[in-house]
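Chains as they are written, first to last, in full-length UniProt numbering: chain V, 1 to 460; chain U, 1 to 284.
The set of hints was computed from the structure by calculation and includes no laboratory data.
Bear in mind the structure is a predicted one, so any value in this text is a computation, not a measurement.
Among the hints, erroneous ones may be present.
Claimed, not checked - Quick list of the computed label-pair ranges, beta carbon to beta carbon:
1) U:I115 x V:S99: 25 to 35 Å
2) U:L9 x V:W133: 57 to 67 Å
3) V:S99 x U:T224: 22 to 32 Å
4) V:D189 x U:T224: 37 to 47 Å
5) V:S99 x U:R62: 31 to 41 Å
6) V:W133 x U:T44: 33 to 43 Å
7) U:E45 x V:K390: 49 to 59 Å
8) U:Q42 x V:N142: 23 to 33 Å
9) U:I115 x V:N329: 45 to 55 Å
10) V:G290 x U:Y28: 53 to 63 Å
11) V:T458 x U:T44: 20 to 30 Å
12) V:P81 x U:V267: 35 to 45 Å
13) V:D58 x U:F223: 32 to 42 Å
14) V:D151 x U:L24: 33 to 43 Å
Claimed, not checked - Not the full set, but computed from the structure, chain U residues with beta-carbon under 8 Å of chain V:
15) G38
16) A41
17) D127
18) G231
19) G235
20) V251
Claimed, not checked - What the simulated footprint calls covered on chain V by chain U, stretch by stretch (three residues with Cβ under 8 Å from a Cβ of chain U suffice, anywhere in the stretch; the number is not a length):
21) 85–96
22) 119–126
23) 271–281
24) 411–421
25) 428–434
Built from N, CA and C at the ideal position, the CB exists for glycine as well.
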Amino acid sequence: MRLKYAKKLTGLSIILICFLLMTACSDEGASGTSEGNSKDDLTITFRSGGGTNEGLVDWLNKNIIPQFNEKYPDVNVNLSPLEVSEGDYFAKVSLLLQSENTAPDIVTEDTFILNSDANAGYLEPITDRVKEWDEWGSFTENVKAGVIAEDGEIYGVPYNTDSRGLWYNKELLKEAGVSVPWKPKNWEDIISAATAVKENLPKDVVPLWMNSGKATGEATSMQTFEMLLYGTGDPLYNKDTKKWIVESDGLLSSFKFIDTIYEKDLGPELSKVLNGQASTIAYQQLMPKGKLAIGLDGIWQTGTWREGGPTPWPESSEVLGFAPMPTQNGQEPGTTSMSGGWAFSIPSKSNNKDLAWEFIKMASTKENNLKLQLKDRNLTPREDVAKEEKYQEMDFFEQASSFLENTHFRPAVDKYPNVSTVIQTLVERVVTDTITPEQAVEQYKKEVTSIVGKDKVTER
Amino acid sequence: MYRSIFFLLPSWILLLIFFVGPILLTFYFSFTNLALTGAQAQSTEFIGFQNFVTMFQDPGFRISVLRTIVFLFLSAIIGQQVLGFLLAILMKGKNTTFRRTIGIIIIAGWVTPEIVVAFCWVAFLSDNGTLNMLLNSIGLESVAWLFTFPMISVCIANIWHGTAFSMMIFQASLDDVPKTVEEAAIIDGASKFQLLFRIILPMVKGSIVTNMILVTLQTLGVFTLIYTMTGGGPGNSTQTLPIFMYNQAFVNYQLGYGTAISLVLLVIGIIASLFYIRSMKVQI
Numbered sequence: 001m002r003l004k005y006a007k008k009l010t011g012l013s014i015i016l017i018c019f020l021l022m023t024a025c026s027d028e029g030a031s032g033t034s035e036g037n038s039k040d041d042l043t044i045t046f047r048s049g050g051g052t053n054e055g056l057v058d059w060l061n062k063n064i065i066p067q068f069n070e071k072y073p074d075v076n077v078n079l080s081p082l083e084v085s086e087g088d089y090f091a092k093v094s095l096l097l098q099s100e101n102t103a104p105d106i107v108t109e110d111t112f113i114l115n116s117d118a119n120a121g122y123l124e125p126i127t128d129r130v131k132e133w134d135e136w137g138s139f140t141e142n143v144k145a146g147v148i149a150e151d152g153e154i155y156g157v158p159y160n161t162d163s164r165g166l167w168y169n170k171e172l173l174k175e176a177g178v179s180v181p182w183k184p185k186n187w188e189d190i191i192s193a194a195t196a197v198k199e200n201l202p203k204d205v206v207p208l209w210m211n212s213g214k215a216t217g218e219a220t221s222m223q224t225f226e227m228l229l230y231g232t233g234d235p236l237y238n239k240d241t242k243k244w245i246v247e248s249d250g251l252l253s254s255f256k257f258i259d260t261i262y263e264k265d266l267g268p269e270l271s272k273v274l275n276g277q278a279s280t281i282a283y284q285q286l287m288p289k290g291k292l293a294i295g296l297d298g299i300w301q302t303g304t305w306r307e308g309g310p311t312p313w314p315e316s317s318e319v320l321g322f323a324p325m326p327t328q329n330g331q332e333p334g335t336t337s338m339s340g341g342w343a344f345s346i347p348s349k350s351n352n353k354d355l356a357w358e359f360i361k362m363a364s365t366k367e368n369n370l371k372l373q374l375k376d377r378n379l380t381p382r383e384d385v386a387k388e389e390k391y392q393e394m395d396f397f398e399q400a401s402s403f404l405e406n407t408h409f410r411p412a413v414d415k416y417p418n419v420s421t422v423i424q425t426l427v428e429r430v431v432t433d434t435i436t437p438e439q440a441v442e443q444y445k446k447e448v449t450s451i452v453g454k455d456k457v458t459e460r
Numbered sequence: 001m002y003r004s005i006f007f008l009l010p011s012w013i014l015l016l017i018f019f020v021g022p023i024l025l026t027f028y029f030s031f032t033n034l035a036l037t038g039a040q041a042q043s044t045e046f047i048g049f050q051n052f053v054t055m056f057q058d059p060g061f062r063i064s065v066l067r068t069i070v071f072l073f074l075s076a077i078i079g080q081q082v083l084g085f086l087l088a089i090l091m092k093g094k095n096t097t098f099r100r101t102i103g104i105i106i107i108a109g110w111v112t113p114e115i116v117v118a119f120c121w122v123a124f125l126s127d128n129g130t131l132n133m134l135l136n137s138i139g140l141e142s143v144a145w146l147f148t149f150p151m152i153s154v155c156i157a158n159i160w161h162g163t164a165f166s167m168m169i170f171q172a173s174l175d176d177v178p179k180t181v182e183e184a185a186i187i188d189g190a191s192k193f194q195l196l197f198r199i200i201l202p203m204v205k206g207s208i209v210t211n212m213i214l215v216t217l218q219t220l221g222v223f224t225l226i227y228t229m230t231g232g233g234p235g236n237s238t239q240t241l242p243i244f245m246y247n248q249a250f251v252n253y254q255l256g257y258g259t260a261i262s263l264v265l266l267v268i269g270i271i272a273s274l275f276y277i278r279s280m281k282v283q284i
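Extracted from the complex, chain U is given alone in its bound form (with noise of 0.2 Å):
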């Protein structure tokens, strides 16, 4: 008993120092009016519950929380997870090459680090890019897509980015289901919808949710791909909470009430889990 206690105390040493520590100066400091510049920097002070009393006044708080929610629904939920399943199940059954082939393509979208993706999409999508070159060459005029339709264009860039993780997840889960299952159905006379439907989709729910729960907080944490391809603009038109948080923090100089925002990233995520969990019935 003591033994292993030992053993686990340089991780839990590790632990507290950098994961811990971390989430509890963020919680106190979410208290404070911490700036990074002027007075308020030298002399910080408690204000309680200011912060969150600011944040839910504020327009641009509101305005950042739907586009968040818009992001998330667009890119992870409808995207990533049902883009990567309909992929899984497209390459379910099929030949190894085939298979290889396809998910090489796909996964070298999830390895390319997020910045690189982000650069990418711009070159392809800003106004002497590559897609309007395209269009020019067929005689069609060019569009200023990351002004005309900047959530469209940073949903699609992120979906690129994460579709393979989806695909991996449910192409490893659908290998899981028993064949014989599957050749029962088929011989009681299941109709491929059924199939899918009646029996797939229920083996398979507990990859769904864990799927959901990870491509969520990942999304809820997407900073570098859009601020890299609109900034959270024009105007406010990208600006997810994360984005606002940096603008707060590190643009306004308010470290406080950003690490306040922060925070309130940390509750919606958790929140998503758990709806997750409870509406899809499963255990964790």
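One chain only, chain V, in its complex shape (with noise of 0.2 Å):
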């Protein structure tokens, strides 16, 4: 009996565990397979994080996706946007892309991540197939140039760019004694005019806002620090001898400005800066308050203040000015400002990869693209939208397409985004007195070069 009774035992015990291996190694509940289902599945990843990209989505659901079904009526369009934070969404991609499971069979790339993501062989290239799309010859050359990885491939065609440059509220300079339409010519203006609105208006008035900590992560980075350093005459990265630059002028002119903003309380509350919301509370908050001077950000904030957007600002467009940001002294060639930009990739465990194409194609062309810039407020990839009427009307665009004239890439190369972080942290350290600019381009000099290795380091 008793044995009886043991046998059953193991033999309930081997089947629990077969089944429990079987769930675990299961490939079920997969995104992208198609095997055994009589409608193929497309699956889109994107940041939808915080209010980001409603536009995107609004555009893929309203224009793109009615589009393709109706040239594909067989396939199911599966958004799957990641709900996470900037920093957080290129480490969800980067696991995403690991496994034929979780890949999704588009993903949006921003640039500075993408030659790295490529490297790592999670993006399928592209290049055999954009070299028989008639359209590719209508994108930019220095914003294809974003997509083109170490290995000379491209891995995704370009859907977006940016500019960046001063947002600055008219009224409030007016009152503080600034000269309206504000072009300031060198840094020095920038200290002036914020120390102007400090002096003469409400102390709940912030004058100058700058992304300054780890928590807005790439945007600290670009936003504030390389659009000071690119100014300085000093890039990052020296693309001829192919060596980072870890010790120069322009390395401790940076810092040392952005220490003299937060030691002269030129910026915001420290509390307020250092976090992830950092661009809602500025953009979204203190900006259309009229409790926000000056902002060092980019061209998309518009669509914050768009119809439909988050926060929905009319009259923006009479109270705002968008000033570009000038050289350390004035130098030539007078103004300064960086580029970004996303992509449309297809990684390279996709399980449709000829489909994904495909979608890519229709969402790439001209109307298309032009209907994603009115919804999103970013730049154009593309030349012949940049010249569409609709195009060039929508408020603050002419500002920001001029600025493309000075404008800088970011390092297309596989460790940016590591030395990106190191100068998040060292900006934060600097803005919360931890660490003096000089300590700072010390510590960037050790840190990068422990980053990259010592036969890729060079000084200026």
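With the hints as a guide, dock the two chains, each given alone in a separate frame, to form the complex.
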């Protein structure tokens, strides 16, 4: 009797283990698998945390997916957004792309990480597909550069680009005694305008807002530090010698500028600027309420204020100005900007690459790209869209496009994302007064050298 | 004999796959340059002790160890352990209704998920939070608590969250102290102080050590609370080892380095546990 019971129990245990192992290793629930389905699935992954990319989602749902389904009625297009902060998005995407079971069929890639993801083997080269596509010629050359990895292959089709400058509230600057339209000639002009705001306006008006913490991730590196650094004439990376510049006057000056802003109390309270919601606080709360005088940020902020955006603010076109960022001492060419942008890429572990490519081609036509920019308020990567009247009529787009003349791109090399996190940490430590600008430069040299290797660094 | 092995087999297999396996993998990855993205994600190499060499030269690591020790000392040892013990002593011998009411309030903190605890404390301590509202209502100026006193803030949140656990352990062991022994001591003329230090504490020494180990290991692993409240900042003032590990693995994309840090965290946990056991001279 007892033996019989034991046998039953053993049998049950073995079945249970088999079941557990099967569940653990099964394919079920994975996206993009087409086997056994009457319909093909096409999954698109993008970031949607904190109201980001509302325009993109709207455009996909209302414009692209219906068009695509007309041509391919048997395809199910699934949106699979990642509701995370910017920094977490890249880590999550890297994890998703590692397995066939989780990889989507299309992923939106920031051009700064595209090269790293391509090197990791996560993305499918589409050079051959692009060559046969007659629309590729309409894309702006320097934007195309952002999707070509170190191996010379193309890994994505850009759907937007951007430029950065100084948003300013005309009324506040006027009240503070700064002449409007404001066109700062050098960094000193920015400091004096901010000082005027601080001295002449109520205490709750923030004179100057720059992303300054680790929590704002790449925005701190690009919108703040690199906007300053590239205005000194010293880049991050020497493209000719393929070496990182780890010691230069520009590095020190950039850290010093940031330090000055906070030393002189011209920036926002640290508790507001050092958290992940910094951008929301600045451009959705303070600026529309007239509590922020100057903000160093990108053109996409107009998407925040457009009708139907997160914080509709129709008066923004009257109240605000968008000035180009001056070089450090006003040296040639006088202004500077940084550009990036996003692209549609096909993961190498996608199960539906051909369909994904058809989708990307359809989404990237002239008409469709124009529709996206009208909703999302970013700069277009297509030359023909840039000439469209509707596009040119959007508020501030004329200025933002003109900034592209003197714009710079981040180094398209494998280690940039790591160097970028070093910059973010150091900027935050300078801002919180943990280290001096001189110490920041010293640490930058040390940490970047250990990331990229001694043979890949140089001084200037 | 064979039958018992047979019965244990399923749990052994499960343990090997889901417990021992990941530990061995972590051990292996900590000696590689495994990365989340970039060329190293594709061609991972064995790099020996390089991760550990980098770690011990990294000022960020040293700072994180220091922050971890401070966090551990303030929130686990002083906070949860001592406060938990005091609460248990205060509640000893009180009537059931009193014990239940206080008990439920304290346990509410413990049963609340860590992420909810973090959000509650953010809501309480943030710039426009409840605490500042209260201060303003009596005419005082607001304080940016999470930025002016970040370490104290996360410690208080952790104490609030974890004290109930210690309290319950101590309550159970204090109830086990025979009443006759206490009464005998009182008749012999022992003061309350002597009663506590000479009679009660030695008798509950075992529970103290067990609790110390549990609370320490739990606090060493606290991630959600700190990450949500301060993100390890401002600067690196609340960057404990788990936060440092996460940043290296998922923000700097250095998974190999991240796993090496997790291994060190494990070693610290083991050393701390052994230290408690040895110093209190108890057998677990």
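Here is how each hint holds up against the structure:
For U:I115 and V:S99, the hinted distance range of 25 to 35 Å is satisfied, since their beta carbons lie about 27 Å from each other. Under the hint 57 to 67 Å, the C-beta atoms of U:L9 and V:W133, about 58 Å apart, fit the expected range. Roughly 25 Å separates the CB atoms of V:S99 and U:T224, a value that falls within the hinted 22 to 32 Å. With their beta carbons about 45 Å apart, V:D189 and U:T224 fall inside the hinted range of 37 to 47 Å.
A hinted range of 31 to 41 Å for the beta carbons of V:S99 and U:R62 is consistent with their spacing of about 36 Å. Judged by the Cβ atoms, the range 33 to 43 Å given for V:W133 and U:T44 holds: they are separated by roughly 35 Å. Between U:E45 and V:K390 the C-beta distance comes to about 53 Å, which sits within the given range of 49 to 59 Å. Range check, U:Q42 to V:N142: about 28 Å between beta-carbon atoms, so the 23 to 33 Å window is met.
For the hinted restraint 45 to 55 Å between U:I115 and V:N329, the CB-CB distance of approximately 49 Å keeps it satisfied. Taking the beta carbon of each, V:G290 and U:Y28 are about 58 Å apart, inside 53 to 63 Å as hinted. Taking 20 to 30 Å as the suggested C-beta distance range, the pair V:T458 and U:T44 conforms, at roughly 28 Å. At roughly 40 Å, the beta-carbon separation of V:P81 and U:V267 lies within the given 35 to 45 Å, and the hint holds.
The hinted range of 32 to 42 Å is satisfied by V:D58 and U:F223, whose Cβ atoms lie roughly 35 Å apart. Between V:D151 and U:L24, the C-beta spacing of about 35 Å keeps the proposed range 33 to 43 Å intact. The restraint placing U:G38 at the interface with chain V holds, with a minimum CB-CB distance near 4 Å, inside the 8 Å limit. Contact between U:A41 and chain V, as hinted, is supported at the beta carbon level, the nearest pair being about 4 Å apart and thus within 8 Å.
Checking U:D127 against chain V: minimum C-beta separation of about 5 Å stays under 8 Å; hint holds. The beta carbon of U:G231 is positioned within 8 Å of a beta carbon in chain V (closest approach about 5 Å), and the interface hint is therefore held. At its closest, the beta carbon of U:G235 sits 4 Å from a beta carbon of chain V; the interface hint therefore holds under the 8 Å criterion. At a threshold of 8 Å, the smallest CB-CB gap from U:V251 to chain V is about 6 Å, leaving the interface hint in force.
A count of 6 residues in the stretch 85–96 of chain V with a Cβ less than 8 Å from any Cβ of chain U is obtained; the coverage claim is therefore met, three being the minimum. Given as covered by chain U, the stretch 119–126 of chain V passes the check, having 4 residues with a CB less than 8 Å from a CB of that chain where 3 are the minimum. With a cut-off of 8 Å between beta carbons, the stretch 271–281 of chain V has 5 residues touching chain U; three or more are needed, and the interface restraint holds. Closer than 8 Å: that is the beta-carbon criterion, and the stretch 411–421 of chain V has 5 residues meeting it against chain U, so the requirement of 3 holds.
For the stretch 428–434 of chain V, the stated coverage by chain U is satisfied: 4 residues place a CB nearer than 8 Å to a CB of that chain, which reaches the threshold of 3.
Going down the numbered hints, you'll see the structure goes against none, and every one checks out.
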